[in-house]
Amino acid sequence: MDMVAKLLIYTFITGSIYCVIALGFSLAFGVAEILNLAHGVYYMISGYLLFTFFMTFQNMYIAIALSIVCTTIFGAFSYLVIHNVIDSTFRTLLATFAIGGAVSEILFIIYGVSTHGMPNIIEGSIIIFGVPIIKQALLSAIVALFALFAFVYILNKTDIGREMRAVAQNVEIAKLAGINIGRVKFITVTIAAFLASVAGVFYLPLQTLYPAVWMKITILSFVIVVLGGMGSIKGIVASYIIAFSEYATTLAFAEGSYIKEGVYLLILIFILMFRPQGLFGKHLGPLEVQV
Amino acid sequence: MLDSLKKIPKTWVFLSLIQICIPLVTHNPYYLKILVMFYIYAIFALSWDLLGGYLGIVSFGHALFFGVSAYTTAILNVRLNWPPILNFPLSILCALLVSLIVAKPTVRLKGHYVALVTFSFPVIVTNIFYAFPMFFGQDLGIPGVGRLSVSRTYDFYIAFIAIWCIYFILKKMINSDTGLILRAIQSNEVAPIACGIDIARIKLKMFMISGMFAGVAGFLYAHVIKIVAPANLGVHMSIEAVVMCIIGGAGTLSGAVFGAIIVTIVNELLRMIEQYRILIFYLLILLIVLFFPKGLKWYIDKMLSFIGTDIRKERGTP
Chain W
46 MDMVAKLLIY TFITGSIYCV IALGFSLAFG VAEILNLAHG VYYMISGYLL
96 FTFFMTFQNM YIAIALSIVC TTIFGAFSYL VIHNVIDSTF RTLLATFAIG
146 GAVSEILFII YGVSTHGMPN IIEGSIIIFG VPIIKQALLS AIVALFALFA
196 FVYILNKTDI GREMRAVAQN VEIAKLAGIN IGRVKFITVT IAAFLASVAG
246 VFYLPLQTLY PAVWMKITIL SFVIVVLGGM GSIKGIVASY IIAFSEYATT
296 LAFAEGSYIK EGVYLLILIF ILMFRPQGLF GKHLGPLEVQ V
Chain L
28 MLDSLKKIPK TWVFLSLIQI CIPLVTHNPY YLKILVMFYI YAIFALSWDL
78 LGGYLGIVSF GHALFFGVSA YTTAILNVRL NWPPILNFPL SILCALLVSL
128 IVAKPTVRLK GHYVALVTFS FPVIVTNIFY AFPMFFGQDL GIPGVGRLSV
178 SRTYDFYIAF IAIWCIYFIL KKMINSDTGL ILRAIQSNEV APIACGIDIA
228 RIKLKMFMIS GMFAGVAGFL YAHVIKIVAP ANLGVHMSIE AVVMCIIGGA
278 GTLSGAVFGA IIVTIVNELL RMIEQYRILI FYLLILLIVL FFPKGLKWYI
328 DKMLSFIGTD IRKERGTP
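In order, the protein sequence lines correspond to chains W and L.
Read in order, the letters of the first sequence correspond to residues 46 to 336 in the working numbering.
Read in order, the letters of the second sequence correspond to residues 28 to 345 in the working numbering.
Among these hints, one or two may not hold up.
[Claimed, not checked] Facing chain L, a subset of chain W residues (Cβ under 10 angstroms, in silico):
id, residue
1, Ser133
2, Thr134
3, Val271
4, Glu306
[To be verified] Calculated lysine-lysine pairs in the DSS-like style (CA-CA distance at most 30 angstroms, straight line):
id, chain 1, residue 1, chain 2, residue 2
5, W, Lys305, L, Lys131
6, W, Lys220, L, Lys137
7, W, Lys261, L, Lys137
8, L, Lys131, W, Lys327
9, W, Lys220, L, Lys321
10, W, Lys261, L, Lys131
11, L, Lys137, W, Lys305
12, W, Lys327, L, Lys137
[Unchecked claim] Short derived list, chain W residues pointing at chain L, Cβ under 7 angstroms:
id, residue
13, Ala143
14, Ala147
15, Phe267
16, Tyr303
17, Ile304
18, Leu310
19, Leu313
20, Leu317
None of these hints come from the bench; they were simulated from the model.
Glycine included, C-beta positions come from ideal geometry on N, C-alpha and C.
For reference, chain L alone in the conformation it holds in the complex:
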């Protein structure tokens, strides 16, 4: 028992303690909200990274699961006045169903086609939303979604527990046989097939898990931001997931979280020049893609190595 306690990484405990103590130190609702947003984005990034970084399925429509879950809880909350607790399993279920629908054609395709198909699904669903404006609300979506809990502090702890659990689950999964299989599939699909592994089923399972976690992020988002709109399913949101993971390095969990930190900070800083925010965002994406292929974090680590810090193991970037 003491042995397994020793295996818990010290940095993890340290960081967790710091995060738990944050609401005790500051009651500023703005900071707490930023942190909750960061957790939501981090969950979203982690869910993308499972598919994109470890399995090699680069999903350009991940916001679909996020948005469907957000819309489900919003509709149930606003139209039927159901409380968030009740909506949670239903939102996750909807995200799960959608991920199955998306997975069905996607797992058998490769490369360009995966990107196109995953890109298309959110557009189809957005079209459906626009076709029934009474039910889904139009461009402005559904406002007036209820709070997650009675105070920002509770929101914070809920989000923190959520990401902690998800990170833990993913880390366990990556470090087990499943993780090996995932990396094998990414490198060369023929090898696991030859070993008798049913890749289609594994991909489907990973899609489901990824969809569920994205759904968790979407659910939290709906109740924290209190309004959902078609933009939440849109390509901009999906691209944010991709960007977070490439900033941090696609094949690592902590990289996804790091990417989420950077993106949250940059988004908030850019809000000062709201008019140019999205433009600068896209230009930054262009810069990163063109000049930092291994993810920003890799280069930062390399620079830090001159001061004697560990370089993370190099992961494949698609």
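Here chain W stands alone, though its shape is the one from the complex:
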């Protein structure tokens, strides 16, 4: 019983973080049709910036605010770099991957292999349902859910949200309706970077950070998005499924922590073979996904 409670609560916490990260990726893909392989970079640099700003200013709150702002600016910048090649899937993939690789190398040159020594915002742990949870982890989950609900509100109730939904549904008609597509795509990618950085600044102090982590996060994002259904917001709940599979793998196998990525990638492949629209995606016709 103890084990089950642990599993559920840890899944809930990690899953919520993944929700926010994957949401950004899903947005970029659903609205802007960009498969942003550099998505993990936003998460990663928010952690590195947090470390640097904290070392400089010795104040966690300033560091958090600055990291989020800088990462969001970087997100906007990355969109500006690739906005000409969005039409071609292949070129977008290569360009975003190149951005990711370049940033990763820069971080490696500046910081070396890993960073450590960031204090948490709230120290200590607390026991819920008999399960010890680090307070920082709980805080990040709460912030993540808050960001999630805030974003859903924006998507449904504001003008920009409406524009984003319109562009996601049908770009041509959105153009006819007078929506500035370029602006919407730009804002989408910026929001994606913002969300990833929010997740990053709270959760990364608990993790080991290294310059290659962006790829893992990007892979994670696209697995969640494909599992949930590309372009579907409801599908983000797939993050909990993936978080669960990670913990289950780690517990089930001796080398679990090495193969957990492999396991959810196998899940990805099975999904693409047997249900490519994911859980909540639109049903994809024969000419859209399959031959």
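Once you've looked at the hints, dock chain L against the given chain W.
Then chain L, alone, in the frame of chain W:
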């Protein structure tokens, strides 16, 4: 008989003769090794180009076949002391099996999904390698792989024969009906389906061939560099294949080889600033993708045309 001899392109014969004579002119092992590396990369690029340039299946995980073949021969050589000759068919077989496994889900998908699936397979396999460090060696992989042959010169000729054969086979294939079908599939899949062609089977066959050739490259690599590591399967290696082909222009065979030349040269030049090598590499990729969509070679040819050289026929770049 004389007619068919006339059809052999003169440039080809000329270039082949030059390459055959190189080891007679220089015994510098460094130059020979660079050339062998170039041949290995060229084979790898050609194998990618078959899928990516002609068939339109843009594989972001091609290094998997390369790496699996390299690891197979490395393990057999280091753990069981088998000689390279014996390992060759087994490595190719492993690369073939892996390519079949990758092909199964991939041939039925399009666009983004192909990229994601091909990207995922090497990660899965790398995970498996890390899970069994005793067998596969960890981050540093498996060192101490035996030589390909007794001297650099023999290595050179083996690699040269390999690429010559592969280029020849591919050229024959491209110029035959199969090549037409491949290009038809790339342009619009509905048309060949409507003609009754079984595309899934053709894609599978091309995957196998591509995997086999990548396996040849991997096998040679293991015995020339004498160490294999998880990085050989990794995304960086896969991206190198893609980059080589986009530099040269995706849909041409000589373009792939040209791309391999450029990448080998750039890699060697950048080794002087080893610390920034990979960074500059990625920045160059970014520049090429953003500003030279038709492949560098196309633009170079266009510039040369001002001096009166032939422009290569424009090929579709994905």
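Agreement of hint Leu313/W with chain L interface, Cβ distance less than 7 angstroms: 6 angstroms, holds
Minimum beta-carbon distance criterion (7 angstroms), Ala147/W to chain L: Because about 4 angstroms separates Ala147/W from the closest Cβ in chain L, which is inside the 7 angstroms limit, the hint holds.
When the least beta-carbon distance from Val271/W to chain L is tested against 10 angstroms, hint result: 7 angstroms, holds
Straight-line alpha-carbon gap Lys220/W to Lys321/L, limit 30 angstroms: Holds: Lys220/W and Lys321/L sit about 29 angstroms apart, inside 30 angstroms.
Agreement of Lys261/W and Lys137/L with the hint, judged by alpha carbon distance not exceeding 30 angstroms: 23 angstroms, holds
Distance restraint between Lys131/L and Lys327/W, which requires alpha-carbon spacing of 30 angstroms or less: Cα-Cα ~24 angstroms, so holds.
Chain L contact restraint on Glu306/W - CB to CB distance below 10 angstroms: Holds: closest Cβ of chain L sits about 5 angstroms from Glu306/W, inside 10 angstroms.
Proposed proximity, Lys137/L with Lys327/W (alpha carbon, max 30 angstroms): The given pair, whose Cα atoms are some 16 angstroms apart, holds under the 30 angstroms limit.
Interface hint compliance - Leu317/W to chain L, C-beta minimum distance less than 7 angstroms: 6 angstroms, holds
Distance restraint between Lys220/W and Lys137/L, which requires alpha-carbon spacing of 30 angstroms or less: Holds, at roughly 27 angstroms.
Interface restraint verdict for Leu310/W against chain L (beta-carbon cut-off 7 angstroms): Check passed: Cβ of Leu310/W comes within 4 angstroms of chain L, closer than 7 angstroms.
Holds or violated: Lys261/W to Lys131/L, with C-alpha atoms at most 30 angstroms apart: 24 angstroms, holds
Checked against the numbered hints listed earlier, the structure breaks none of them; every hint is satisfied.
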